[in-house]
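> Given next are the chains, with one letter for each unit.
Number of protein chains: 2
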Amino acid sequence: MAAEAIRALESAEVVLGYKTYLELVEELLGDKTVISSGMRKEVERCRAAIEHALAGKNVALISSGDAGIYGMAGLVLDICRDGRIDVRKWDEASRETLSGKSENPDEPRTFFLRVVPGIPAFSAAAALLGAPLMHDFAAVSLSDHLTAWEVIEKRLSAAAQADFVLALYNPRSKSRPDLLDKARQILLRFRSPHTPAAIVRKAMRPGQWKCLTTLGDLPVEEVDMQSVIIVGNSQTYVWKDWMVTPRGYLDKYSVSEF
Amino acid sequence: MAAEAIRALESAEVVLGYKTYLELVEELLGDKTVISSGMRKEVERCRAAIEHALAGKNVALISSGDAGIYGMAGLVLDICRDGRIDVRKWDEASRETLSGKSENPDEPRTFFLRVVPGIPAFSAAAALLGAPLMHDFAAVSLSDHLTAWEVIEKRLSAAAQADFVLALYNPRSKSRPDLLDKARQILLRFRSPHTPAAIVRKAMRPGQWKCLTTLGDLPVEEVDMQSVIIVGNSQTYVWKDWMVTPRGYLDKYSVSEF
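If you're matching them up, the sequences are chains E and U in order.
Okay, so the first sequence: first residue is 13 according to the working numbering, each after it adds one.
Okay, so the second sequence: first residue is 13 according to the working numbering, each after it adds one.
These are calculated hints, taken from the structure and not from any lab test.
Keep in mind it's a predicted model, so treat the numbers as computed, not measured.
Watch out, some of these pointers could steer you wrong.
[What the hints assert, rightly or not] So the derived label-pair ranges between C-beta atoms look like this:
no.: 1; chain 1: U; residue 1: SER246; chain 2: E; residue 2: TYR33; range: 44 to 54 Å
no.: 2; chain 1: E; residue 1: LYS44; chain 2: U; residue 2: ALA67; range: 30 to 40 Å
no.: 3; chain 1: U; residue 1: GLU233; chain 2: E; residue 2: GLN173; range: 45 to 55 Å
no.: 4; chain 1: U; residue 1: LYS264; chain 2: E; residue 2: ASN70; range: 40 to 50 Å
no.: 5; chain 1: U; residue 1: MET237; chain 2: E; residue 2: LEU262; range: 21 to 31 Å
no.: 6; chain 1: E; residue 1: SER48; chain 2: U; residue 2: GLY95; range: 33 to 43 Å
no.: 7; chain 1: E; residue 1: ASP94; chain 2: U; residue 2: MET237; range: 34 to 44 Å
no.: 8; chain 1: E; residue 1: SER187; chain 2: U; residue 2: ARG217; range: 38 to 48 Å
no.: 9; chain 1: E; residue 1: ASP103; chain 2: U; residue 2: TYR249; range: 47 to 57 Å
[Unchecked claim] Here are the simulated EDC-like pairs of lysine to aspartate or glutamate, each with C-alpha atoms no more than 20 Å apart in a straight line:
no.: 10; chain 1: E; residue 1: LYS53; chain 2: U; residue 2: ASP263
no.: 11; chain 1: E; residue 1: LYS44; chain 2: E; residue 2: GLU63
no.: 12; chain 1: U; residue 1: LYS252; chain 2: E; residue 2: ASP103
no.: 13; chain 1: E; residue 1: LYS264; chain 2: U; residue 2: ASP236
no.: 14; chain 1: U; residue 1: LYS214; chain 2: E; residue 2: GLU16
no.: 15; chain 1: U; residue 1: LYS166; chain 2: E; residue 2: GLU16
no.: 16; chain 1: U; residue 1: LYS31; chain 2: U; residue 2: ASP236
no.: 17; chain 1: U; residue 1: LYS252; chain 2: E; residue 2: ASP175
no.: 18; chain 1: E; residue 1: LYS214; chain 2: U; residue 2: ASP236
[To be verified] Computed footprint of chain U on chain E, listed as stretches where at least three residues anywhere in the stretch have a Cβ under 8 Å from a Cβ of chain U:
no.: 19; segment: 13-25
no.: 20; segment: 28-41
no.: 21; segment: 132-144
no.: 22; segment: 205-212
no.: 23; segment: 250-262
We treat Cβ as the ideally placed atom computed from N, Cα and C, and that holds for glycine.
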């Protein structure tokens, strides 16, 4: 977890999040007001966070991984823009302003926001595997809940054709168990079935599980929404149990033997 | 910085890194052996780190951002594979094995490696801007030092065509000042000049600087190798000084006004 995220959480009075993620930071919650909610309650959760912030509270809205990558940061801003709420950039100086803010009801409602960057799920997954993201890569969410499948399909085939390493998010839900296999078929149009691929579930969390395999043999049934899938590019290799995408240093420089 | 990276650095006896990055963690270095080197000394730096690890030292090789994204993690593995060094996955249990390892010269030389994930430069940059990486995105390095320009060009146009948000690394070196403008021209074939774009230099470090602009007006001359450039997709908006790529929640759910 990012040290800055720990500090932000420690200073918060109200903490909101998806219940599974709140459990992961339980020891940091102490006697704070904790508002836990279920999946697909993202809009309600962000609205509640904004209401508490407008009421002058120091609020932490938590996401897993990086809040700026398929997390809650964007939705908070979407809602503020839609609701004409004056959200400003938080910095050390704004603490003062916040505590001294006007109670005049004619002034627009204001709060200060800071997005604290974290360790994205694909970074944690990649670290467990070795170094598969060492060269250009693309992150694609397979969820067609908010994005048309045609758009997802177009992105997958563009990324596969241009030899990007791929990190696949939301790879397989209970309601749409077939999307991952459809995605795999698209990638196989441009990539060898021997391309290294890996599933990492709950990276660096209790219940962590990983599987290093190939695009052709990917065990689709092992994948759930808490998994990230990494598919190598044409240069990615597996050596011992490490998955690595070389950047090309050793082609450029001669490295004498040890 | 990631809490786990701080702990790893604290427990290290030998720390190696590019001198600019070592300065950023100076207060964590204490009386450790510190080996600092210049740019483009990546291979030498990794080899030295491996030699110290083989000698039984607890070594930290630092990268800025995430060591697994255009960092040093992959090169260490490339060199070990090339030099037939037996590098194994580090875990708590391997500490024991390490301290009790055999001195038999016939056994292959072994050390234990752990990649500690960090906060990638694009995550730090995105957090300062708002939430531009909320939807599918691609990371592309513009450096043609190790990658053919034709490959870079192909990736840029594929990513632009498929409407990925883009994070551009190594955007402009002194020896190749023109690559960024070439990249921009490729993106402009598929994206409006009004597409929000931003330059972030030294995100969350001393000397931090950022500029929110458009793809058409991007001030190329302000960009250096310590900058990351974020180019929005067709849905990315700028509202106040926030750059946001919506995921589509508000199109799906009606959000009543505050």
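> The structure should be examined with respect to each hint, and the outcome stated for every one.
Evaluation of the provided hints:
Our hint of 44 to 54 Å for SER246 of chain U and TYR33 of chain E is violated, since their Cβ atoms are close to 31 Å apart. As the Cβ distance of LYS44 of chain E to ALA67 of chain U is approximately 47 Å, the hint placing it in 30 to 40 Å is violated. Distance hint check: the CB atoms of GLU233 of chain U and GLN173 of chain E are about 33 Å apart, inconsistent with the given range 45 to 55 Å. For LYS264 of chain U paired with ASN70 of chain E, a C-beta distance near 30 Å fails the hint of 40 to 50 Å.
Range check, MET237 of chain U to LEU262 of chain E: Cβ separation about 22 Å, and the 21 to 31 Å hint holds. At roughly 51 Å, the beta carbons of SER48 of chain E and GLY95 of chain U sit outside the given window of 33 to 43 Å. Between ASP94 of chain E and MET237 of chain U, the C-beta spacing of about 38 Å keeps the proposed range 34 to 44 Å intact. Checked against the hint of 38 to 48 Å, the C-beta distance between SER187 of chain E and ARG217 of chain U comes to roughly 43 Å, which is consistent with it.
ASP103 of chain E and TYR249 of chain U have their C-beta atoms about 23 Å apart, which leaves the hinted 47 to 57 Å range violated. The hinted pair formed by LYS53 of chain E and ASP263 of chain U meets the criterion: a straight-line CA distance of about 15 Å does not exceed 20 Å. Under the criterion of a C-alpha separation no larger than 20 Å, the hint pairing LYS44 of chain E with GLU63 of chain E is consistent with the structure, at around 16 Å. For the hint pairing LYS252 of chain U with ASP103 of chain E, the CA-to-CA distance comes to about 16 Å; that is within 20 Å, so the pair holds.
This hinted pair does not check out: LYS264 of chain E and ASP236 of chain U have alpha carbons roughly 24 Å apart, beyond 20 Å. Under the criterion of a C-alpha separation no larger than 20 Å, the hint pairing LYS214 of chain U with GLU16 of chain E is consistent with the structure, at around 17 Å. With a C-alpha separation of about 37 Å, the suggested pairing of LYS166 of chain U with GLU16 of chain E is violated against the 20 Å cut-off. This hinted pair checks out: LYS31 of chain U and ASP236 of chain U have alpha carbons roughly 18 Å apart, not beyond 20 Å.
For the suggested pair LYS252 of chain U and ASP175 of chain E, the alpha carbons sit about 37 Å apart, so the restraint of at most 20 Å is broken. Restraint check: the Cα-Cα separation between LYS214 of chain E and ASP236 of chain U comes to about 37 Å, which exceeds 20 Å; the hinted pair is violated. Judged by the Cβ-Cβ criterion of 8 Å, the segment 13-25 of chain E is covered by chain U as claimed, because 5 of its residues qualify and three suffice. Counting residues of the segment 28-41 of chain E whose C-beta sits closer than 8 Å to any C-beta of chain U gives 0, which falls short of three, so the coverage hint is violated.
Requiring three or more residues with a Cβ within less than 8 Å of a Cβ of chain U, the coverage given for the segment 132-144 of chain E holds, as 9 such residues are present. Counting residues of the segment 205-212 of chain E whose CB lies closer than 8 Å to any CB of chain U gives 0, which falls below the minimum of 3, so the coverage claim is violated. Counting residues of the segment 250-262 of chain E whose beta-carbon sits less than 8 Å from any beta-carbon of chain U gives 11, enough to reach three: the coverage restraint holds.
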